[in-house]
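**Student:** Under this note's numbering, think of the first position of the sequence shown as 809, with each following residue one higher.
Bear in mind the hints are in silico, worked out from the structure with no lab data behind them.
Keep in mind that a hint or two might mislead.
Said to hold, decoys possible - Calculated lysine-lysine pairs in the DSSO-like style (CA-CA distance at most 30 Å, straight line):
hint : residue 1 : residue 2
1    : Lys-932   : Lys-918
2    : Lys-1008  : Lys-932
3    : Lys-918   : Lys-986
4    : Lys-946   : Lys-986
To be verified - Derived Cβ-Cβ restraints for the label pairs, each shown as a range:
hint : residue 1 : residue 2 : range
5    : Thr-874   : Lys-986   : 21 to 27 Å
6    : Ala-942   : Asp-966   : 24 to 30 Å
7    : Ala-1073  : Thr-944   : 53 to 59 Å
8    : Arg-1058  : Lys-986   : 30 to 36 Å
9    : Ala-1073  : Asp-812   : 31 to 37 Å
10   : Trp-901   : Ala-927   : 52 to 58 Å
11   : Lys-818   : His-1065  : 50 to 56 Å
12   : Arg-876   : Lys-991   : 41 to 47 Å
13   : Ala-814   : Ser-871   : 32 to 38 Å
Everything numeric in this text was worked out from a predicted model, so none of it was measured.
A virtual CB, placed ideally from N, CA and C, is assigned to each residue, including glycine.
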Amino acid sequence: MRADLATILKDAPAVIRRAMIGNAPNLAPGAAHVMGRFWTAVRAGKGNSLMPAADAYRAAAASESTFRCLLRALATYAPHVSTASARIVSDEWYTRREKPVARGAWKKAKPVGDNWPAAWRRMKPELDAASIRASTRKRYLASIDRCAAVVAEGLASDMHGFIAACELSDAFLFHPDKDRRVKPVTAANYIEGLIALGAKGGVAEESLSAMQVITRDLRDQTALDEKNKYERISGLMERGGYARVADRIRELRERAHALPAHSAARRRCMQQAAVCAVIVNKPPRKGDLVSWRFGEHMVREIDGTWRAEWKQAKTRAQRKRVQSGRRSARFWMNGSLMDAPIG
């Protein structure tokens, strides 16, 4: 058995070959052969044995299960070898998997407004014909959909007026399902969509003015929330401010280095660390941050500096650009992110 393994693993580095031969009874089925093919491919390609190229993984494994077996074997018997380039091959195998048909994908989408109360549906043609921007109309329709869902649950009236606005406000802020509760500013936006429908549909001005009393109150609550935001920032500063963020970056890097270089978990830690380094200089809105994509909004320059560039979705403000500062850039120059593809 030992002689067979020595032949199979003849191109593997000596330390790896000895480790596998010494643990021969516990080797996973196929592990020795795939490792043998892998190291033969590395040697044939004259690559770096500490950071093998992606082609070596492709040459060693003809199936995804064999490829996963190879990664497990490397993690066990060659933890010092970087498997970062295996991430590219892993993504290739993922794309080859058969995609299951999403449940309900064959169902025809309901027309916009189909779930609205009858009185609102009668007003819709007027809103459709209004001379407003397409993006504004789309926002109004989405807001009215939200209001219609609350009315369908019996939590609010479908009649434009003060009572309906109060009921809608309470439903949005204190919905029985906590996951469906929204902030005051969001509730105000939803109700304003309904007000716009009424304005185009001929609802009495008095009723619409009464509803605007509620939206103004919701926006006043939003102004108070802004003050609370500054209190939260003060709380962050009390916990160490930027030093706390730097500690978080360090924690993410340490966690990443403890994981295999090819793993998705390691890449997530590195991505989070890069985002932390950038937003220290210019914190974005949460709604913008969650839409960022590496390689598009977050880009790493050749010198290791990270750059973020985005356009604020809510206010349509001018495109913003920010880089990780010189101090935070040092996190990346020491190679902590240089061995993992980001995408």
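**Student:** Hints first: check each against the structure and report whether it holds.
**Tutor:** Hints and how they fare:
Between Lys-932 and Lys-918 the CA atoms are separated by roughly 15 Å; this keeps the pair inside 30 Å, and the hint holds. In summary, the hint linking Lys-1008 to Lys-932 is supported, as the alpha carbons are separated by about 8 Å, within the 30 Å threshold. The suggested pairing of Lys-918 with Lys-986 holds, with an alpha-carbon distance near 26 Å, which does not exceed 30 Å. In summary, the hint linking Lys-946 to Lys-986 is supported, as the alpha carbons are separated by about 26 Å, within the 30 Å threshold.
The hint said 21 to 27 Å for the Cβ distance between Thr-874 and Lys-986, and at roughly 46 Å that hint is violated. Between Ala-942 and Asp-966 the beta carbon distance is about 26 Å. The supplied range of 24 to 30 Å therefore holds. Taking the beta carbon of each, Ala-1073 and Thr-944 are about 42 Å apart, not inside 53 to 59 Å as hinted. For Arg-1058 and Lys-986, the hinted distance range of 30 to 36 Å is satisfied, since their beta carbons lie about 34 Å from each other.
Between Ala-1073 and Asp-812 the Cβ separation comes to about 35 Å, which falls inside the hinted range of 31 to 37 Å. For Trp-901 paired with Ala-927, a C-beta distance near 54 Å keeps the hint of 52 to 58 Å intact. A C-beta distance of roughly 32 Å is found between Lys-818 and His-1065, which places it outside the suggested range of 50 to 56 Å. Under the hint 41 to 47 Å, the C-beta atoms of Arg-876 and Lys-991, about 44 Å apart, fit the expected range.
Judged by the Cβ atoms, the range 32 to 38 Å given for Ala-814 and Ser-871 is violated: they are separated by roughly 26 Å.
In the structure shown, a violation is registered for the earlier hints numbered 5, 7, 11, 13, in ascending order.
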